[in-house]
Every structure is written in structure tokens, then in C-alpha cells.
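2 protein chains.
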Amino acid sequence: MGSENAQYELIYPPYAPGRAEHIRLILEEIGNPYSDTTVLGWDPAFAQIRELLKGVQGNPPYFAPPLLRHGDLILNQTSNILMYIGGRHNLAGNTPADAFRVNALACTALDLLSDEVHATHHPINGQLYYEEQKKESVWASKAFIKIRMPKFFDYWQRTLEAKGGLWLMGETFTYADIVLCQCIDGTKFAFPRAMDYFEKTGKYDLIYEHWAKVRARPNIAKYLASDKRQEYDNGIYRYYPENDVTPEEAECEKPADGN
Amino acid sequence: MGSENAQYELIYPPYAPGRAEHIRLILEEIGNPYSDTTVLGWDPAFAQIRELLKGVQGNPPYFAPPLLRHGDLILNQTSNILMYIGGRHNLAGNTPADAFRVNALACTALDLLSDEVHATHHPINGQLYYEEQKKESVWASKAFIKIRMPKFFDYWQRTLEAKGGLWLMGETFTYADIVLCQCIDGTKFAFPRAMDYFEKTGKYDLIYEHWAKVRARPNIAKYLASDKRQEYDNGIYRYYPENDVTPEEAECEKPADGN
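Chains as they are written, first to last, in numbering that gives the first Met the number 0: chain S, 0 to 258; chain L, 0 to 258.
One chain only, chain S, in its complex shape (with noise of 0.2 Å):
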């Protein structure tokens, strides 16, 4: 598959983390060189964007990056590009059929604490700006952190719990586990108050303790303290002073001037 032995390039707009995180960590565990058009510019990375999501060396044209090259093989879709890394490098379980477990588990982190974050701050549209949406924003926020995360934390913990409390596969690290610590990762940086809260009623501490563990693998620990580790900033994960409560301050019925 792809070119054996063909570097990874990973293809996504610069300025924010953002899904291609997910894959950036993925290759920084598994600590094979790749390139990373972020470091291009503006300008340089679209050229390559525009480029590949046409559809060129017999791959289909895809709708959005992040994109991955492999040889002649160009991929889309985070959790599909995962998986394929995944399976290559001993990180999608222990079985043919945990692979398919695996993705499972990476699939429902990405709708859960990605998707579902990026919605609450463009819950009407997402190619319309913020502003347009804010009071809805405000009021998908306060829904998500009131009724969403406890939901979501307590599966993830029960999760953790079912398999003995060290990887979401049990001994054997996935990178499902990656994925869930990026994705609590950016939760904490979009909503600090809400998740100190769930950290401190001491019901999901396996949860944060996943995180830290996940964030303390030599290679990761390695790349998160260097220049390479993007600030979040514009991206999935953002922080509105507004949308930061804790599910005690959350109403999550509709704002008065509503109909």
C-alpha cells in the first residue's frame, strides 16, 4: 500500500492545530521524519491543498484537508488517515479485528470532544463567522457543557474503567489513545472552567490521569515542548470567555429573547 518507502507528507492549512493534530501526533509516537506544509506559509500550503484535493495520481478528489501522501496514495479524512498510519506502525490494537475497535473508539472521540466542541461556537453555520452566531453560541455552549459532557465523560471513563484503567484497548496502546488525549486536550483549552470542574468532582479521574499519561510518552512529551506544537488559536478548539462556565452556571434552556 502507498510506497513502502515513501516519507509521510501531511497536508493541512497553517496557524492552528486544528484534525491535523491528531495525525501529527501520530507520526511524532511513531518518530518517522514526515513534512508538514504549517511550516510553508499561507500561500505555499494552499497551492498544495488546492492541488491534491483535485484528485491527482488516480486518487479521487477529496472536499477538505487534512490530506496525507504516502507515495501515490493521498487520503482524507482524519480518522481515515489514522487508521491507515495506524495499521502500518503496530498502533491499532493486536488483531485484524481491533483495528476496526480501534477506529471505533477514535471515530466517537472525533464526533464527541472535536466536532461537537467546533459546533458549539459556529452552531448555525460554520462558514459564517462567529459574531453572526454568537447568542446561539453562547446558548449551544452552555447546552453542550450542561447535558454533552457529562454524558461523554462518563462514558470515557467507564471506557478506561472496562479495560483496567491504563489504554482504552487495555495494555496495549492505540492510537485511539492519542486521539482521546487531544481531544481532552483541546477541550480544556476551549472550555477551562467547565473541565476543571468535571477534573475536580473526582468521578473521571481516569480520564485526566489518560491524559497526562498519553502527554508523558517520551516522543510526545518531546514534541509538545517544542516549537513544532502549534498554539490552539482559530481553530476547532477556541476560547470565548463567554462560552467558559461550568455546568452549574448552564442553562440550557432557550435565552429569553428567543420565540
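It should be emphasised that the hints constitute simulated quantities derived from the structure, not laboratory data.
Among the clues, some could well be false.
Which copy is meant is left open, because identical chains are indistinguishable; a pair holds if it fits in one copy or across any two.
[To be verified] Each computed PhoX-like pair below joins lysine-lysine, with the alpha-carbon atoms no more than 20 Å apart: (1) Lys-53 / Lys-202; (2) Lys-162 / Lys-53; (3) Lys-212 / Lys-150; (4) Lys-187 / Lys-212; (5) Lys-150 / Lys-53; (6) Lys-162 / Lys-202; (7) Lys-212 / Lys-162; (8) Lys-53 / Lys-212; (9) Lys-227 / Lys-134; (10) Lys-187 / Lys-53; (11) Lys-133 / Lys-202.
Since the structure of chain S is already known, use the hints to place chain L on it.
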């Protein structure tokens, strides 16, 4: 993987085709017998869902259905289940690398024309009632129809064109074709006036032809004409007259009474 001779068991709540419909369609296409909790009614279906979500038989706990049970293997996440079945029945392209290209296409169809359509009727939060977020839903629907649909249609038309206009991967029919067809089908139910409008522009003929061609495949046509095909109602794809506008009628500016 799984248990080679086990029957596929689809586990999903009854009374709406939902995300499970993609899985039913691939199972019908391959002509394998399968069981489906939808025929059991509400309580027995939920009893199975609750049990299997716990993570039995060495599988991790999962967050939500659809679930597929195949022998000892239990999976969730629609795209993941499709990739598993597709790979076992020659519906994932011609090479191991193609399986990832096909997964990329399927994930993209589900993102754009299943998740984003669902978000139009629950823009603030999926767990709040539609009626609570009705005004926001009208706004989100108009923005979706005006901004997003043309972009999505340009993409799928271009993708079919790039491969010669037959299937998404060219000569080879894959489960990504089933996913795109079912997404178009549901979107026609949710937004009939917009979907008519786009068809009449003539710019997207390959998408509408593709939808009809997938529906005409013998096993799929037989299923669609049978009692087993459930009606759209209260699931991913919902019809609300107030959201059923053409792109020309859709204003995606903030409603006047917003802030």
C-alpha cells in the same frame, strides 16, 4: 475476523431508517441474510442496545448505535461498520489502498449530507427538542441550502466526472456509492424544493443519475420496494415545511430579532 460463518446482526432503534440504513443497504446489496432489531419493536431493541453498548465479549464499551455484531466482534460507528462489511464482500475497491480511498469518500458523504443535514434541525443541541430551537433551525436550514449545498454538489459532480461518471471509484462499484445514494435520498426527503431546484439547474446531472443507478441495482431495488424499507420520519432526515426553501428564497443573514 469476527466469526467467519456468523450471521450479521444489526442493532439499532426501530421506527426510523437513520444511520443504520447505510448498513441495511450494503447488507441487501451483498444478499446476505442478517438480523435487524428494528423488527423487534422498542423495548426488546433497546434491551439489546443497552447490553451490547456495555462492551461484552472483549469488545470496548461503545457510545451509541448503530452496532454490528458478527460472532464475537461488536462494532459501532457507521463508516467503520461499512468498511468492515465492505472489505469482506468485495465492495471496498480493488486494492488494500483503495479501501482507505473508499472510506474517505464514505466518511465525507456522511459528514456533508447526513451529519450536516441532521444539524439543520438541531443546530443548538441534539438533545433539546426541535421546537425549542425552531427559529435557529430555520436559519440553519437556509444557510445550509444557500451556502453548503452548492459546494457539496459541486464536489460530488466533480468527483463522479473525474472517474468517468459511472461510480465514485470509476468502473468499480463500492459501498461509498451506496452511502452517497442514501444521503441524497434522505436529503431529497428533508429538502424537496431545494433538491428539485438543484436538479433543474442541470449542473449536477451525474449526482442525480448516480442516485437512480444505485437504487436500480437489483437487490437494492427489491429491498426499496419491500416492507423492510422504513419511511423517513423523525430521524436524521426530517421534513419541516418552514425549512423547505430553494437557494433563491434562502436568506442566510441573521434573523432581524437576533442580536
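Hints and how they fare:
For the homomeric pair Lys-53 and Lys-202, the shortest alpha-carbon distance between copies (18 Å) is at most 20 Å, but the shortest distance inside one copy (47 Å) is not. For a Cα distance limit of 20 Å, the shortest separation of Lys-162 from Lys-53 across copies, 12 Å, qualifies, whereas the shortest one inside one copy, 43 Å, does not. For the homomeric pair Lys-212 and Lys-150, neither the shortest alpha-carbon distance inside one copy (23 Å) nor that between copies (41 Å) is at most 20 Å. In this homomeric assembly, Lys-187 and Lys-212 come within 20 Å of each other (Cα to Cα) only inside a single copy, at 16 Å, whereas the closest approach across copies is 47 Å.
For a Cα distance limit of 20 Å, the shortest separation of Lys-150 from Lys-53 across copies, 14 Å, qualifies, whereas the shortest one inside one copy, 40 Å, does not. Taking the closest pair of Cα atoms, Lys-162 and Lys-202 come within 20 Å of each other only inside a single copy of the chain (17 Å); across copies the shortest separation is 52 Å, beyond that limit. When the C-alpha separation of Lys-212 and Lys-162 is checked against a cutoff of 20 Å, the pair qualifies only within one copy, where the shortest distance is 16 Å, while the shortest distance between copies is 45 Å. Proximity of Lys-53 to Lys-212 under the C-alpha cut-off of 20 Å is found in neither arrangement, the shortest distances being 40 Å within a copy and 25 Å between copies.
In the homo-oligomer, the alpha carbons of Lys-227 and Lys-134 never lie at most 20 Å apart, since the shortest distance is 35 Å inside one protomer and 43 Å across protomers. Taking identical chains as interchangeable, the C-alpha atoms of Lys-187 and Lys-53 are never at most 20 Å apart, the minima being 36 Å within one chain and 27 Å between chains. In this assembly of identical chains, Lys-133 and Lys-202 lie within 20 Å of each other by CA distance neither inside one copy nor across copies; the values are 32 Å within and 35 Å between.
Hint check: violations occur at hints 3, 8, 9, 10 and 11; the rest are consistent with the structure.
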